[in-house]
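Everything in the sequence shown is counted per my numbering, starting at 396 for the first residue and increasing by one.
Hints may be right or wrong, so weigh each one.
Unchecked claim - So the derived label-pair ranges between C-beta atoms look like this:
(1) 552 to 509: 38 to 44 Å
(2) 624 to 568: 34 to 40 Å
(3) 404 to 560: 16 to 22 Å
(4) 429 to 636: 18 to 24 Å
(5) 619 to 509: 22 to 28 Å
Source of the hints: derived by calculation from the structure; they are not laboratory data. All residues carry an ideal CB built from backbone N, CA and C; glycine is no exception.
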Amino acid sequence: MADDCFGHPRLAAIYDPLGPDRSDLDAYLRMAGEFGARQVLDIGCGTGVFALLLADRGVDVVGIDPAQASVDVARAKPGSERVRWICGDATDLPPLQADLATMTANVAQAIVDLGTWQKTLRGAHEALRPGGHLVFETRDPAKRAWEEWTRKNSYRMTEIPGVGSVESWVQLIEVSLPLVTFRGTYVFAADGQVLTSDSTLRFREREEVATDLLTEGYVVEDVRDALDRPGKEFVFLARRA
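Using the sequences and the accompanying hints, generate a full structural model.
Structural data, given as structure tokens:
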């Protein structure tokens, strides 16, 4: 099940304007070039920002996401016809020979169920050509990112064309490691509607992720730093053996 911030049509429609800075994707674009990727599988593509950036560079992209509302937003964007969009997860893929599979932002951590995580890694493995790469990021639990998830730190008022003013913030709900749950709140000034979305992330240790990748047939080639959150995340580069 997709969180409401991705699956509710009204929230999916404002996801991009609430978070317009996607400089976190720059590193993924560089890695696509580094690997000479001609076909990319974007797992958890959301509203399609990364998939469309790749398509702009002539890459053949398949974007898959379980949230229909987010996929609908992606399909409505200019140039979306250049991407193959699928509503589903990594077990719902057609036969592929991708050079690169990605899980950007919180995608990997949002897969909290262990069985689903294994199936996702397996599905990505099957979609990659031999020697193809899987790249994703996950926060280092030791940095305790959740301690900053407060209304005070996250509150903002955003003016969105065609929507009006939207108040938004996040607030920590529960820490039961390795799971951390928080709530996003959105207040629409136009009609006063208040929507909330609860999300849970799984904070995996570096060794745990490496073991999971090895089990599913990958070789971990590198673990890099996240340029947008230096010292706070692991960026895994794994190759299909």
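Violated constraints from the hint list, given by number and in increasing order
2
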